[in-house]
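Protein chains in written order, with my numbering: chain A, -15 to 245; chain B, 725 to 910; chain C, 8 to 220.
To be clear, the hints were calculated from the coordinates, so they are not data collected in a lab.
A hint or two may mislead.
[Claimed, not checked] What follows is a set of in silico ranges between Cβ atoms, one per label pair, in the way DEER data are often shown:
1. 796/B x 138/C: 45 to 55 Å
2. 168/A x 86/C: 45 to 55 Å
3. 86/C x 759/B: 40 to 50 Å
4. 168/A x 765/B: 47 to 57 Å
5. 98/A x 728/B: 48 to 58 Å
6. 41/C x 796/B: 52 to 62 Å
7. 161/C x 115/A: 46 to 56 Å
[As the list claims (entries may be wrong)] Which residues of chain C face chain B? A few of them, derived with a C-beta cut under 8 Å, are:
8. 49
9. 51
10. 205
Built from N, CA and C at the ideal position, the CB exists for glycine as well.
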Amino acid sequence: MIELNKVTFAYPDGENILADVGFSIQPGERVVLLGANGCGKSTLLKLINGLLTPTSGEIRFHGQPLTAAALRRREFVQRFRAEVGMVFQQPDAMLFNATVAEEIAYGPQRLDMPEVDDLVRRWARRMQLEKYLDSPPYQLSGGEKQRLCLACVLAVQPKLLLLDEPTANLDPRSTGWLVDFLLDQNNLTTLVTTQNLSLAAELGRRAIILGEHGTLLYDGSLKQVLSDTDLLWQANLAHTHRHRHADGTEHRHVHVHEDWS
Amino acid sequence: MRDRLLLSMWMVAVVAITFIHDPLWLAVLLIVVLVLAGSDRLAILKGALIAIALVNVAVSAGYAISAGVSGEPWLDFVVRLNLRVLLLTVLTLWLSRHLDLVKAVDFSPSLKFVIVLTIGQIKTMQRLLIDYRQAFASRSPARPSLRDRMASSGRQTLALLDKAEHQATELNQGMRSRGFFDDRAQ
Amino acid sequence: MHIPDGLIAPQTYLAAFAVAAPAWAWSVRRVARDFDDRMIPRLAVLTALAFVLTTVMIPLPGGTSGHLVGVGLLALAFGLWPAFLAYSLVLALSALLFGAGGITSLAINALCMGLIGAAVTLGIHRLIQPWKSSVAVVVSVWAGVVVSALLVALVLGVQPLMGRDDSGQPLFFPFGPAVTIPVLVIPHALIGLGEGLLTWLALSALDRRKVPA
Chain A
-15 MIELNKVTFA YPDGENILAD VGFSIQPGER VVLLGANGCG KSTLLKLING LLTPTSGEIR
45 FHGQPLTAAA LRRREFVQRF RAEVGMVFQQ PDAMLFNATV AEEIAYGPQR LDMPEVDDLV
105 RRWARRMQLE KYLDSPPYQL SGGEKQRLCL ACVLAVQPKL LLLDEPTANL DPRSTGWLVD
165 FLLDQNNLTT LVTTQNLSLA AELGRRAIIL GEHGTLLYDG SLKQVLSDTD LLWQANLAHT
225 HRHRHADGTE HRHVHVHEDW S
Chain B
725 MRDRLLLSMW MVAVVAITFI HDPLWLAVLL IVVLVLAGSD RLAILKGALI AIALVNVAVS
785 AGYAISAGVS GEPWLDFVVR LNLRVLLLTV LTLWLSRHLD LVKAVDFSPS LKFVIVLTIG
845 QIKTMQRLLI DYRQAFASRS PARPSLRDRM ASSGRQTLAL LDKAEHQATE LNQGMRSRGF
905 FDDRAQ
Chain C
8 MHIPDGLIAP QTYLAAFAVA APAWAWSVRR VARDFDDRMI PRLAVLTALA FVLTTVMIPL
68 PGGTSGHLVG VGLLALAFGL WPAFLAYSLV LALSALLFGA GGITSLAINA LCMGLIGAAV
128 TLGIHRLIQP WKSSVAVVVS VWAGVVVSAL LVALVLGVQP LMGRDDSGQP LFFPFGPAVT
188 IPVLVIPHAL IGLGEGLLTW LALSALDRRK VPA
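Excised from the complex, chain A in its bound form (with noise of 0.2 Å):
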């Protein structure tokens, strides 16, 4: 489905933020990306999503180099839009519309899809928002507007969703929901970012971990990553801290975040 090869990526004038990066992911595959902050997380999402644009290598998309030529072609870019959606870390950079009801019918709409409001309604009342159909979006809250993303996007009914940090900003029964509600999602392929490991260990079953200066560290299963605490450690995703015994003695020990709640 998407296919990346040894994608180089940097600003102008700046040092790597990914580095000969390669993987692909084929259909009803549910991959983590995990990596500390800053490690280019994101920028893959982007990437991935077409926002941006590899300074070498190359992405591709059912066999297709995902270009910027390519998504000038009306063609190509309505399919790549419709089949790969994307919900930002930062809720409030996708809503752009008038009220809820316009913003989720947004996609639908552009799409011809048939019978939008009856989608519009069946999608707000999946994420609870049927009373804010009227409201305009930028009066939720941030864990209602996260909600709004995923009915945007999900309204349009891509094949491959990509996540980015997907709980920074929900409270842990928000989390537990939307949890829930990814694992629900059948026939869909995701890819999701985060740097907590226990909700990895949910929402995934293949990672694929990046390095500090954005290199690839690791692809493969989750289940075997979260063992292999050197790792983790290398990957600036597991601690160490000091222990205090009660005879007064004292150990320093790697530590894997466990408690996502």
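Given chain A's structure and the hints, the job is docking chains B and C onto it.
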């Protein structure tokens, strides 16, 4: 449609009022507007009086004193100026409470998007500014010096510029991601 | 230094709209061309920025403060036409959303501050760019604020000529330029200094980073 009509009527009314110079007419219109304003008339009147107080008191008092000293009449002017400014301010405040601006401009999709986005961005930036101000207050145990206040305002300004830079890029990508610019594709 | 509604004669403000209309049309064209398909998000962010900048305090001696106009900063960071357009939108939104400021005087305010004030800042900044950058920014922003205040004072100052009633009392703003110029220009000579310093503080920290808003 209702909002577009409201907006047009208000514009005509505001311009027309600046052609009326008889204090009696201005007073009658002010009463009519306040009667029609409904239950929030007192709040609107209060808001308008606060908004115009400084300039109007200064101009009225200044003129009354200078005309009074030279023995010229001044009452008509003071009544006229204050009634007109008050009437216009009441009308504008009333409109801002009842107009759905986004609906009023839906004849132009671009303008509508600009306004919706601007309102949302204003809220985001205002929150940022409030945070900076509160943090400054929280860290200033004693009355801050002029220099510190200038530095704090400078940081607020810079933070707003940075936020604008970041938001413009994010918003552009968010809209692109949802296919906003695809109509331009060939 | 905004002029509120009710002080200005129709002859004056309608003429100002006649002058401002082509300027707005031109600025929309320029901004649409320069921002390309990013016009909507960029203009929205810029307008929000212009709006919120006007709520930043300029500290003044004695614990008092004024408010930033922000036009000089916008013009130096983003150029004349985006600054003028964003500032004009701010004036319209203030009236329509919050009932603040004037609508009849909108064109006068937009021209005096958003267009001429910004143009003076940019022009002087270009002339004295070789100077130390702090001095160039402070002087050019100060000049923009003072020229704006002078223009506003002149517009107000001609209002006594716009009509009197039978008893000789003025129909609109009553004081001539001999009063308005010192009353507006002298305090703004001080506020402009604060505005210039703030603008320099913000721009120098931005360094030469490009701001793609």
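Status of the hints after comparison with the structure:
no. : hint                      : result
1   : 796/B x 138/C: 45 to 55 Å : holds, 51 Å
2   : 168/A x 86/C: 45 to 55 Å  : holds, 50 Å
3   : 86/C x 759/B: 40 to 50 Å  : holds, 48 Å
4   : 168/A x 765/B: 47 to 57 Å : holds, 53 Å
5   : 98/A x 728/B: 48 to 58 Å  : violated, 31 Å
6   : 41/C x 796/B: 52 to 62 Å  : holds, 54 Å
7   : 161/C x 115/A: 46 to 56 Å : holds, 54 Å
8   : 49                        : holds, 5 Å
9   : 51                        : holds, 3 Å
10  : 205                       : holds, 6 Å
Against the hints set out earlier in the document, a violation occurs for number 5 only.
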